[in-house]
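A.B. asks: Fit chain Z to the supplied structure of chain D, relying on the hints for placement.
Number of protein chains: 2
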Amino acid sequence: MVMTTWVSEGRRPRVVIIGGGFGGLYAARALKRDKVDVLVLDRTNHHLFQPLLYQVATATLAPTDITSPIRWLLRRQRNATVLMTEVLRIDPARRVVIADAGEFPYDFLIVAAGARHAYFGHPEWEANAPGLKSIDDAIAIRQHILTAFERAELAHDPVERDAWLSFVVIGGGPTGVEMAGMIPTIAKDALARDFRRISTEKARVTLLEGGPRVLPSYPEDLSERARLDLTALGVDVRTDTLVTSVAKGEVRAGELVLHTRTVIWAAGNAASPLGASLGAELDRVGRVRVEQDLSLAAHPEIFVIGDMVTISSRGKPVPGVAPAAMQMGPHAVKNIRRTIQDRPRLPFVYRNKGDLATIGRHRAIADFGFLQVTGGAAWWFWLFLHIMYLAGFRNRLSVLLEWGYSYFTYDRGARLITAGRPAAVQASEP
Amino acid sequence: MVMTTWVSEGRRPRVVIIGGGFGGLYAARALKRDKVDVLVLDRTNHHLFQPLLYQVATATLAPTDITSPIRWLLRRQRNATVLMTEVLRIDPARRVVIADAGEFPYDFLIVAAGARHAYFGHPEWEANAPGLKSIDDAIAIRQHILTAFERAELAHDPVERDAWLSFVVIGGGPTGVEMAGMIPTIAKDALARDFRRISTEKARVTLLEGGPRVLPSYPEDLSERARLDLTALGVDVRTDTLVTSVAKGEVRAGELVLHTRTVIWAAGNAASPLGASLGAELDRVGRVRVEQDLSLAAHPEIFVIGDMVTISSRGKPVPGVAPAAMQMGPHAVKNIRRTIQDRPRLPFVYRNKGDLATIGRHRAIADFGFLQVTGGAAWWFWLFLHIMYLAGFRNRLSVLLEWGYSYFTYDRGARLITAGRPAAVQASEP
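Sequences listed follow chains D and Z, in order.
According to our numbering, the stretch in the first sequence is residues 1 to 430, in order.
According to our numbering, the stretch in the second sequence is residues 1001 to 1430, in order.
Bear in mind the hints are in silico, worked out from the structure with no lab data behind them.
Virtual Cβ for every residue (Gly too), placed ideally from N, Cα, C.
Everything hinted at is true.
One-sided excerpt, in silico: chain D residues whose CB lies under 10 angstroms from chain Z:
1) 45
2) 71
3) 154
Just chain D, with the same shape it has in the complex (with noise of 0.2 angstroms):
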């Protein structure tokens, strides 16, 4: 066993982290009181709360709202040492992590890298549909939605007018549903009274999925329910629909051709590349195929974890949520510590706890296996939940205030264009 030569060579053992995201950050908080030198190492600075990344990119909640310094969450972890720098590949045979700042040994190395989107092969639409991933992609995004309007206001031509006030989401998920969501919402509540040349009610928002219902993951009903709240906003839902093109200014998807400024892909995903580096085998969209025990079977001292692992437990796929990366962090150390005191791994069980969407102002859906809830109970349900789980107490005091103030002024806190207008915009000019 490998794991003797670091007792008999009399130094602690060395676990490396890659991504300060909910599998990373679970995972060095779970190794608090291990003795072990626990290195965690994310191309930023900042541990993100991915799911109210919606809420930044609709101008609800700031930045700084729903991320915090990763050395801060774990300031008082004195085993543990944060740096920034972006891995660049891992090299199991020397047991190196290779970044642009240098090298970094390990003994355990835990992988939790996380996503990007994806775009079918298609990647040149990236630069008119931007996705949605990290805080500087819902800050672009918020700033694509803020300009839209800002556009809308100054044209002349109605044409062109309509155009800035279309919106059209592609993926009919989570994400993709609490964005078609919140755009009307916004809309309608938030801006309404700020303009003067154009009435920002009419801004339409077309949804489109290529499958046959929104939602997929949940149960038949709640796409259902989903589907006919965001209908009642006015959004344009279209199921079946695969987009075929998106070009500057036009989406299309067969015969239906959209005429619109602002497009956002909520459609599809690919694992980090870094998976590819591991010499693992990988599923479809990168995903590294590991063991029951979220170890590689050619190096059991790597483990990943997160939404770049594909894996099944109790029978089915384990989806790429943020409690599923919260609870395989703290599984991947439990087995780390097991494997130091020589005795048995255990193999990873999901516990699903439930999954939850908004959609607008006092809708949501949420679905507990053993119950299904929808409405506004449903809605205050994710507010609690969420402002449970958001990591810090500066924060979730933060975003209290700021979802107070949303509810009862109907208006939103953080309707800021930083860089005058997106680069899309600009490059979209004669």
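C.D. replies: Same frame as chain D, but now just chain Z:
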């Protein structure tokens, strides 16, 4: 008189305001009850509360805390329209404003386009010494400062580490003094526990001022008090020190050579280049010489206000500060009103309500002319005053929350690096 032509045409006078800063916003608000059509043009979508900009640059406040959409601030003023467009030039002969979104005719024009920082004929310094005027500037400087600590934590070479922990602020005016005072405060209070390999307390801040004392516009004893306060915080204050070169990794002032990766420019201002298109006389830094009524001699229908003008009041030049702009806006409006009513215009008289500057925590200096206050009392007064003037109830609450958090925890709530690394840092890598 030109005004009579409007009355005969039977339409409401058009007042175009360029800029949504303090001057432009207060002018627009002053026109609330007038029978005129107000058009506010700004290249951004927001009014910026500039006196707190350095708090965004030092990660204390979030960008959304000190910005509000201009159209939101004027939402209840039905005679006002706000358009986001960049003004390119003014054609006084044809009475039109030429912007990238088209031409806008006016009967009265209020130009309140502000100032940018200037580099004393060394525009090449800007790449290595960003200035602090816009919210984008503040986000970039925040990124610079936070990234410097991250890079110091990564550095193996002690010389390189020291360069990352060395901060140079050029210019000893209020912005320079407030920036220089805040950096050691953050390094000691907010960051110390979060790093493992560096002592953030060892961060060195050097403040370079070309003249004989900091805060040259304040009375001498307050300058001396500011210098003592800065020195107590560990800032190396060097007066009579003219910067001779700013290059990558190095600032020179004659014999003095400082090795640093973070330089902040707070030394020079230049008025908006729009002044030049007015055909009026400009001073050395491009400020427009206006008449005592704030209008142009050759064009009484054009008013220029804020820090892009040079004017004297009671024999003393009016400083380019927020309170002056807040007074000039309504004064220009008063003179427009009097012109429409065929009454004589009034000369502008600046009422200096006092000067204030903060130096770190619990330290500030205030000069009310008849009274000078320093220390804790001045600091609390500074807090109170800035909260009072903050535009919009929402921001006021949010800033109070952030300050309360910082005050009691010694932490900073907005430590977000948005784009991996600032461009300048990336460029400096091999």
